[in-house]
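**Q** The hints should help you fit chain G onto chain R, whose structure is shown.
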Amino acid sequence: MIVLLTRRIVGLIVTLIAVSLLVFAVMALLPGDPAAITLGTSASPETLAALRHDMGLDQPLFIRYGHWLAGALTGNLGKSYTYGVPVAGLIVERLAVTLPLAVLAIILSILIAVPLGVAAAARRGGIFDIIATLFSQMSIAVPGFWVALLLILLFSTSLGWMPAGGFPGWGNGLGPALRALILPAVALALPQAGVLTRVTRSAVLETLHEDFARTALAKGLSGGAVLWGHVVPNALVPVLTILGLQFTFLVAGAVLIENVFNLPGLGRLAYQALSQRDIVVMQDVVLFFAGLVITMNFLVDLSYLVIDPRLRSGGTR
Amino acid sequence: MIKFLRPSVGDFARRLAYGAAMSAGLLMLGLTPAEAAKTTLNIGMTVEPTGLDPTIAAPVAIGQVTWQNVYEGLVAIDESGKIVPQLAKSWDISPDGLTYTFKLQTGVKFHDGEPFDSTAAKFALDRARDSKSVNPQKRFFATITSIDTPDPETLVLHLSSPTGSLLYWLGWPSSVMVGPKSAANDKTTPVGTGPFKFSAWAKGDHVELVKNPDYWNKSVDVKLDKVTFRFISDPQAEAAALKAGDLDAFPEFAAPELMSSFDGDAQLMTKVGNTELKVVAGMNNTRKPFDDKRVRQALMMALDRKTIIDGAWSGFGTAIGSHYTPNDPGYQDLTGTLPYDPAKAKALLAEAGYPNGFTFTIKTPQMAYAPRSAQVMQAMFADIGVTMNIEPTEFPAKWVQDVFTGRDYDMTIVAHAEPLDIDIYSRDPYYFNYKNPTFNELMKKIQLTADPAAQNKLYGEAQGILAEDAPSLFLFVMPKLGVWDKKLKGLWENEPIPSNVLTNVSWED
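Chains as they are written, first to last, in UniProt numbering: chain R, 1 to 317; chain G, 1 to 509.
The hints are simulated quantities; they were obtained by calculation from the structure and are not laboratory data. Incorrect hints may appear among the rest.
Some chain G residues close to chain R (C-beta under 10 Å, calculated; not the full set) [to be verified]:
(1) VAL210
(2) ASN212
(3) ARG230
(4) GLU238
(5) VAL414
The list that follows gives simulated cross-link-like pairs (lysine-lysine, BS3-like), each with its CA atoms no further than 25 Å apart [what the hints assert, rightly or not]:
(6) LYS79/R to LYS132/G
(7) LYS223/G to LYS444/G
(8) LYS103/G to LYS181/G
(9) LYS203/G to LYS79/R
(10) LYS79/R to LYS398/G
(11) LYS203/G to LYS218/G
(12) LYS211/G to LYS223/G
(13) LYS223/G to LYS445/G
(14) LYS82/G to LYS271/G
(15) LYS435/G to LYS445/G
(16) LYS187/G to LYS79/R
(17) LYS109/G to LYS218/G
(18) LYS79/R to LYS181/G
(19) LYS89/G to LYS218/G
(20) LYS82/G to LYS218/G
The structure displayed is predicted, hence computed values, not measured ones. From the three backbone atoms N, C-alpha and C, an ideal C-beta is built for every residue, glycine too.
With the rest of the complex left out, here is chain R (with noise of 0.2 Å):
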């Protein structure tokens, strides 16, 4: 158990290092001069040659690479060129818009789909089968960007019940911040509300064959005390499972999303980072959205262990 936890450990500090290598040289590939950027249309070759001097861009790829590493180990991610201010704190500032954000997306997704998916499986050509099926096709196949401008048009142009984008900031209230996320969280939501119906819709049948669960009505329990109180905490390794991977892309994939409804989250700071070459935003994002990944399938590795107790002896998998 230990040695493999010391293992996977291990292994999630050698692949982080390796992609910050990996993203540090692709950075250094990309054409266009942060300085130059900054500087606009007018300025000369020496005020160009200075800004580079304080911006540290004349220094050797290995030192560039060097100080970026060793101040990333110590916590300190360096300044953003464009906004003047550590790099560290913008990304907190992004996460209290991306993590609830993803957070409120992965809830409304499992209030709609797991009961959706029990309720299909439950009734296996039913009407809330039909309903799931079509549901969870059309949810797959609709951009989620289109979804948010329907939304848009809908409840803030139209009824002018929500804002149509923005973020207030937590600093104005629980109410407003709330208000300004649950349009994005539906838009978000939707996509992965059809993965997880027929995810759960699968795993609920599936386990509806398995032995415990006709051995629990033989027992003479109710049809509906089996499945909620047998069948679905079962089904729902394989939908937690998902989820955990969804969270990931919910995090780093609401780049879309962001922009629609001008959120301030971390997808839009890459993707502003990105347009002005600010450079050490970008290494520290995508090493942060790397980090999350990697961690994230730790995690869930961890879970397996935690409930399948075959895997925890020999750690030979």
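**A** Just chain G now, kept in the frame of chain R:
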């Protein structure tokens, strides 16, 4: 199977209803929008500024938030493009044009309490012209050799040669007065002498300014207590924010094709004004066949500017004949110099040795006006037998590297934002690779005089040379598409300098 599960359905329905009730409850959270008190303003901008100090970075968005609101200059440019006194109440130029003596306002304080006097002014100008300065317009200060401060209210600039545009340049965002103690932090917490103080910046979302109660200029009555600049890059989202009432104004609305969607709106009105943004298709003047004036003229005559404006910007915009806008002093309408005439264009091409046309590539940034203009131009060039390939080029990064710095291109298209920048055609090196000694001489002469009438005459001659020589294809001036609340007064309709001046903005009761 069905029978086996039937009892669960009622249970499920209960749970579903409970879930629905929960969701509805969540949706109801704060559904009533707060009624905005009429001393606040929510103003929209397409681009978020990168830093808030216009003296260390070029993007115009920086000035659009801070210039005249947070920071002020020795002089300012007013709505009609005229130079007006500001922190300098008067000035005197020596007859040889080499000494500028400014009398400064008294009792002026920066937002952090530091006094503004000649020492502070000297600091700001020295910082801008220092050898280590990263001021994007450092060349403005190149002829200043020394600065004297005989007393706190007097500032004397000594120049190495007469610089006729100096006063105008001192009115630019890049020349604003910054405080000796606060300048280093202006990028994130700007401190100026203006009517508004910086209060907060939620990066990626908005910048907040509040009224400066100690503003020195008692002759103006600042009505707004709080202004929030919100940054929205998506045109659909911009329109939605306006219609939903999240924004009171969008002075530079980015989607001309959506302008008509505001027609008949009870709350909003639209205003179309002029900007300084000149959309030009620059050519590499040393590269064949663009090194031949006849070819450049032929390309210009192949273009119907009106059709381009219709196709690219929904008919909004003003056709231009040179690198000069109707806002600028001494403007001449030169669209008739090389008018749309495909037959004559073909003849000119044949004369230059291209009877069957030629093929070249245009590097097009992604901003909406560029690919749209390029597509219309492509069709018009095809009419005279010229094939133009369109190569999308990411702006700013790749464009700056390939076109601006590398000068590795045939033709490109971009909107030049800087006011009165006709002198870029005399700069060497500059991406057009245009070299014309007569034109350069004119640019020098303009600097030798500070007399507006003499300058305007020279600017007229310079416009004539460009219109005739066509180092770029001069297309149109971008409109300032303003959309704002009908009760809002005092926003600028035209834009002689990129800005959102809020000093005189107020709500009508």
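**Q** Checking each numbered hint in turn, tell me which of them this model violates, lowest number first.
**A** 1, 2, 7, 11 and 13
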